[in-house]
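Student: Protein chains in written order, with our numbering: chain S, 85 to 478; chain V, 233 to 616.
Be aware that one or more of the hints could be misleading.
For lysine-lysine, the following BS3-like pairs were computed, each having C-alpha atoms within a straight-line distance of at most 27 angstroms [unchecked claim]:
1) V:LYS576 to V:LYS506
2) S:LYS408 to V:LYS564
3) V:LYS290 to V:LYS422
4) S:LYS447 to S:LYS408
5) V:LYS292 to V:LYS423
6) S:LYS438 to V:LYS506
7) S:LYS443 to S:LYS469
8) S:LYS408 to S:LYS438
9) V:LYS564 to S:LYS438
Just so you know, these hints were derived from the structure itself, not from any lab.
Source: prediction; values computed, not measured.
Residue strings, one per chain:
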Amino acid sequence: MLFHAFLIKYAEIAIKGKNRYLFEDALVKQIGLALSSVEGEFSVVKERGRIYVYCPEEYDFDETVEALKRVFGIVAICPVVIYEDRGLEQTARDVVEYMKARYPDYRGTFKVYTRRARKTYPVPSMEVSAELGGSILDAFPGASVDVHEPELTISVEIRDRIYVYSDTIPGPGGMPVGTNGRAMLLLSGGIDSPVAGYMIAKRGVKIEAVYFHAPPYTSERAKQKVVDLAAIIARYCGPIRLHVVNFTDIQLYIYDQCPHEELTIIMRRYMMRIAEHFAVKDGCLGLVTGESIGQVASQTLQSLAATNEVCGLPVYRPVIGFDKQEIVERAHRIGTFDTSVLPYEDCCTIFVAKHPVTKPNLKVIRRSEEKLAEKIDQLMEEALKTTEVIVVGE
Amino acid sequence: MEVYFDNTATTRCYASVRDIVVRTMMEDYGNPSAKHGKGVEAEAYVRRSARILADLLKVKEKEILFTSGGTESDNLALIGGAAANRRRGNHIITTAVEHAAVGQPAAYLKEQGFEVTILPVDGRGVVRLDALRDALREDTILVSVMYVNNEVGSVMPIEEIGKLVHEKSPYALFHVDAVQAFGKYRIYPKKLGIDLMSVSGHKIHGPKGVGFLYIGEKAKVQPQILGGGQQGGMRSGTDNVPGIAGLGEAAREIYENLDGNREHLYELKEHLAKGLAELEDVRINGMPLREGAPQILSVSVMGVRSEVLLHALEERGIYVSAGSACSSHKRKPSATLSAMGLPKEQMECTVRVSFSEENTFEEADYFLQVLKELVPMLRRYSRK
């Protein structure tokens with residue numbers, strides 16, 4: 085059956101009061117962007133509390149639905165068949181045809197739900213439903229009406245033409261990207277940070293990312309892996325500016341100057357400082373990490389406090405309370421898992437101590453950092469200056 | 233300066249190979265199975281290559297079967313060889329240091345119900361003949377041993393193995409993966425008792441995606457790719473004319489100065505080994521230099537993880553390999569190095585340097601100089 089349009093259902097943005105139009109406009113824009121890579125002509129139209137995607141020409145149904153399923157803010161996607169309005173009797177015949185095509189030999193319960201967007205339509209909604217329901221019963225002797233808990237709801241919208249739909253394909257939910265500011269994601273090659281980025285993006289936040297590259301200890305392939313991960317997230321949230329920071333010299337300097345058990349914590353404090361620098365520069369309102377309490381030594385509450393301390397911006401950690409398995413499940417769903425598990429070393433693990441501190445004392449850490457006074461400013465400046473920005477997913 | 237020391241992974245094409253490949257793509261592009269003149273023209277390239285290879289090996293043209301490369305040749309030899317000879321026995325022998333293109337089919341055959349014996353190697357990476365002697369049986373139908381090990385360059389005693397196999401196991405086919413040996417040594421399968429032999433094009437300055445399997449006329453192998461019946465039904469699919477033409481040309485050219493090239497490679501290898509000896513705590517793995525393959529030097533720079541060394545060298549334009557390139561996506565210790573009994577901390581620090589006759593002493597000196605600069609720095613920063 086050929087669907088002529090998709091009705092896009094959205095929930096949260098409908099309750100945003102006076103700002104509602106901003107959210108709707110953002111959603112329309114995001115849908116347009118998502119469909120721009122799908123072959124076919126589409127028009128996205130906002131009509132009185134509804135968003136429709138019209139597809140007048142030939143298009144690929146599956147590909148279109150897949151693209152829509154990646155647009156944050158969409159709660160459900162309903163494929164619609166549109167009929168000319170040639171009177172209620174003809175509409176009844178059309179609805180029966182629709183049923184025959186979609187659910188041949190239907191024997192379950194159903195109801196017809198009618199909504200009149202065109203109030204000048206001569207017959208009230210309830211009567212339209214009753215009339216259409218009657219025709220369906222005639223054509224499907226095995227079917228029965230249940231208005232309270234039907235197995236199947238045939239929705240009929242009376243607009244300039246008659247819109248009929250009955251399928252509801254779930255969307256990702258969330259809010260349209262760009263409606264909730266911008267944040268900087270610390271993206272490693274692991275499983276957690278891409279999931280964290282996805283979750284924040286899903287709340288309407290535009291994502292940028294920073295990755296710490298440590299040649300020759302991490303390889304070009306490790307970097308490519310991060311670019312690939314960013315590209316997967318970008319399929320949901322649009323292009324990502326990925327900052328690739330050469331972190332080797334800072335890391336080696338810390339290695340030289342500070343106690344080895346503190347290396348990871350001190351390193352992460354510098355990563356936060358660098359991420360914040362680029363965040364502020366690009367107008368981001370927060371940092372995002374994939375940290376989860378207790379997962380590794382640097383993610384105990386004490387360690388998190390120690391890395392948190394260096395940032396002025398809030399740090400968002402959407403997977404903080406998740407078990408690894410829960411994060412893995414999400415990574416599978418988003419599509420980042422297979423890339424995340426490619427075995428290239430990232431810069432956090434190359435020099436990791438056998439027994440890193442798990443309860444760092446802030447005073448001690450600060451004192452250790454003082455040992456970096458001589459060269460660290462210069463090394464930081466160098467790292468910021470040589471950072472490469474790659475726009476991923478354009 | 234760019235120094236390509238990863239010639240065991242692949243080599244650069246000869247210019248003459250490029251030219252013949254272009255010609256078969258742009259001018260003589262017919263389908264060799266076609267009846268018209270354009271087809272005959274294309275077929276001539278295939279026949280020329282078969283003739284060149286047959287002459288070099290002193291075998292018959294019809295004993296050369298073109299394939300998509302080393303992996304397909306090995307797969308066909310093992311799976312096709314086992315399938316065709318199943319009635320005579322159920323026992324297969326191979327070694328612990330084979331390329332995965334042999335190791336995986338052997339594992340598959342084991343799953344299919346064949347009994348598979350895997351022979352150990354000694355500390356040099358050479359298969360133990362006593363173990364082979366003990367393993368060979370009346371019902372052994374296939375023995376697969378590589379000529380030159382791709383990771384450490386150990387050279388297997390092929391002639392002795394051939395004799396042993398045919399003495400003790402009258403029904404066995406002897407397969408040799410000669411991917412790293414062809415173009416380095418003069419190999420005569422009939423003299424060595426080899427029934428099946430795999431060769432790849434891109435290891436001898438030919439194109440990727442082409443190789444051949446020598447199948448001695450008495451050997452029975454069941455085809456694995458069925459279709460239009462090309463190559464006498466042994467491997468269907470339109471002949472890869474550009475690849476086959478390139479392979480033949482590469483073989484012709486590499487044999488033009490085979491002995492001179494080998495001597496040059498050994499001199500390079502000795503030069504590098506001598507330079508490396510000046511570095512502290514560097515070990516060379518495998519056989520004594522002149523006994524091992526001329527193009528492969530396996531080096532353990534103790535205290536420097538091989539991946540780190542690889543990327544550090546890469547920054548200076550030098551390309552080597554950590555583990556064999558085909559398996560370095562998987563982070564696991566090399567099967568060859570483990571089988572040789574190398575300690576873990578040495579395996580982790582092992583790189584493979586492999587050259588072609590195009591490499592120069594100047595490049596070797598640059599490599600040594602860079603290594604002398606890098607190693608003390610890399611050793612200072614290590615996992616504690």
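Student: Checked against the structure, which of the hints given earlier come out wrong?
Tutor: Hints 4, 6, 7 are the ones this structure does not satisfy, whereas the remaining hints hold.
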